[in-house]
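Chemist: Sequence:
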Amino acid sequence: MLAGKLQIPEGAIGLIPAAGEGKRLGLPYPKELYPVIRENRYKPISQFVLDEMVRANLHHIVFVINESKHQLIGYFGNGYRFGCHISYVVQEIGDRQGKSTSPGLAHALDSAYHLTRGKTVFFGMADTIMQPEGVFRRLSEIADPNIDVILALFGTENPEKFGMVRSHKTGRILEIVDKPQHTHLTKMWGCMMWRSRFTEYLHQCVSQGISDFAAIMNRAIAEGLNFHGLDIVDGTYIDLGTYDEIMLMDRRFRES
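Taking my numbering, the leading residue of the sequence shown gets 1, the next gets one more, and so forth.
The reader is advised that the hints may include incorrect statements.
Computed cross-link-like contacts, DSS-like style, restricted to lysine-lysine with a CA-CA straight-line distance of at most 30 angstroms [claimed, not checked]:
1. Lys179 <-> Lys161
2. Lys169 <-> Lys179
3. Lys43 <-> Lys169
Okay, the calculated beta carbon distance ranges per label pair [unchecked claim]:
4. Arg41 <-> Glu223: 17 to 27 angstroms
5. Arg41 <-> Gln71: 13 to 23 angstroms
6. Gly83 <-> His203: 35 to 45 angstroms
7. Gly77 <-> Pro35: 25 to 35 angstroms
8. Pro145 <-> Glu223: 11 to 21 angstroms
9. Leu174 <-> Tyr88: 33 to 43 angstroms
10. Asn158 <-> Lys43: 16 to 26 angstroms
11. Asn146 <-> Lys169: 10 to 20 angstroms
12. Glu223 <-> Ser68: 31 to 41 angstroms
13. Gly155 <-> Ser196: 38 to 48 angstroms
14. Tyr88 <-> Glu160: 28 to 38 angstroms
15. Gln208 <-> Asn40: 20 to 30 angstroms
16. His70 <-> His182: 38 to 48 angstroms
17. Arg219 <-> Ser87: 44 to 54 angstroms
Worth flagging that the hints you see were computed from the coordinates, not collected in a lab.
We put the beta carbon where it would ideally sit given N, CA and C, even for glycine.
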C-alpha cells in the first residue's frame with residue numbers, strides 16, 4: 001500500500017506511556033532516552049515507537065509521563081522536528097509508603113482519557129523496538145469497524161515477561177495470560193489499536209479501582225468486546241527493561 005493512500009481512522013491518536021521510573025537500570029536520565037546509535041546518529045529508544053506512529057500517518061501523539069521526565073519533554077518538544085504534534089499528560093503518583101510510585105499501566109493509559117475519548121487509539125510502549133517497520137500501518141490496514149481492539153502479536157521465548165495471547169484460528173483473541181511461568185502459548189502482544197468503546201471500558205474499570213491491564217482486557221473480552229490479533233510473523237520485539245536486554249538489542253543491531 002502506498003504511504004499516501006493509507007487510511008487512518010478519523011480522529012486517531014497515538015498514545016505512549018512513559019511514566020515509569022525505570023529503577024532497574026539505574027540510569028541518570030529517563031530510560032526512554034537510552035541511546036541507540038544508528039548510522040552515526042543518536043536516536044533514543046522512545047523515538048522508535050514514535051517514528052512508527054508517524055509512519056502510520058498519526059499526527060497527534062500523547063506521551064504519558066511522571067513529574068520527573070523533563071528531559072523527555074526537552075528532547076521531543078512539541079513534535080515539530082518529528083513530523084507530528086506531541087502532547088504530554090502527567091500521571092499522578094501513588095502511595096510512597098513502601099509501594100511503587102507508579103499506579104500502573106491501565107492508570108497511565110486512562111490518564112490521557114480527556115485526549116483519547118471518542119478517538120481511535122494506537123498504543124505502543126516507549127522502551128521497545130518493533131521490527132520490521134510498519135507495525136502500526138499493518139494494524140490500520142485490518143481496522144474493521146466491528147473490531148474493538150487489534151493486538152500486534154510477536155513470537156517470544158520469554159513468556160514470563162509478557163502478556164501472552166490465546167487466540168482462535170480465526171484471529172479472535174480469547175484470553176490474555178499475563179507473564180505465565182509455564183505455558184504452551186508462543187505469541188505475546190506488543191502494541192495495539194483500539195476503538196472508543198474500549199477507551200470508555202478502560203476508563204470505567206480504572207474509575208472502579210481496577211488497575212491490572214491484563215485483567216481489564218480479559219473482562220472486556222468476556223463481556224463481548226471484539227479483540228483480534230494480527231500475527232507479525234516476520235517480526236521481532238525488543239524490550240529494554242534490563243541490561244541483558246540492552247546487550248541483546250546491541251547484538252541484534254550489529255548483526256543486522
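Chemist: Is the distance from the Cβ of Tyr88 to the Cβ of Glu160 consistent with 28 to 38 angstroms?
Modeler: holds (32 angstroms)
Chemist: In this structure, is the beta-carbon distance linking Arg41 and Glu223 contained in 17 to 27 angstroms?
Modeler: Roughly 47 angstroms apart at Cβ, these two residues miss the hinted range, so it is violated.
Chemist: When you take the CB atoms of Pro145 and Glu223, is the distance between them in 11 to 21 angstroms?
Modeler: Once the Cβ atoms are compared, 19 angstroms apart, the range 11 to 21 angstroms for Glu223 and Pro145 holds.
Chemist: When you take the CB atoms of Asn146 and Lys169, is the distance between them in 10 to 20 angstroms?
Modeler: The hinted range 10 to 20 angstroms holds for Asn146 and Lys169, with Cβ atoms some 18 angstroms apart.
Chemist: Is 38 to 48 angstroms right for how far apart the beta carbons of His70 and His182 are?
Modeler: holds (42 angstroms)
Chemist: I want to verify a distance hint. Is the separation of the beta carbons of Asn158 and Lys43 within 16 to 26 angstroms?
Modeler: About 25 angstroms separates the Cβ atoms of Asn158 and Lys43, which means 16 to 26 angstroms holds.
Chemist: Between the alpha carbons of Lys169 and Lys179, is the straight-line distance 30 angstroms or under?
Modeler: Within the cut-off at roughly 22 angstroms; holds.
Chemist: Return holds or violated for the Cβ distance of Gly155 and Ser196 against the range 38 to 48 angstroms.
Modeler: violated (31 angstroms)
Chemist: Range first: 20 to 30 angstroms. Now tell me if the beta carbons of Gln208 and Asn40 are that far apart.
Modeler: Roughly 50 angstroms apart at Cβ, these two residues miss the hinted range, so it is violated.
Chemist: For the hint 33 to 43 angstroms, verify it against the beta carbon of Leu174 and that of Tyr88.
Modeler: holds (36 angstroms)
Chemist: Is the hinted range of 44 to 54 angstroms satisfied by the C-beta distance from Arg219 to Ser87?
Modeler: The hinted range 44 to 54 angstroms is violated for Arg219 and Ser87, with Cβ atoms some 28 angstroms apart.
Chemist: Is 31 to 41 angstroms respected by the C-beta to C-beta distance linking Glu223 and Ser68?
Modeler: holds (37 angstroms)
Checked against the numbered hints above, the structure violates hints 3, 4, 6, 7, 13, 15 and 17; every other hint is satisfied.
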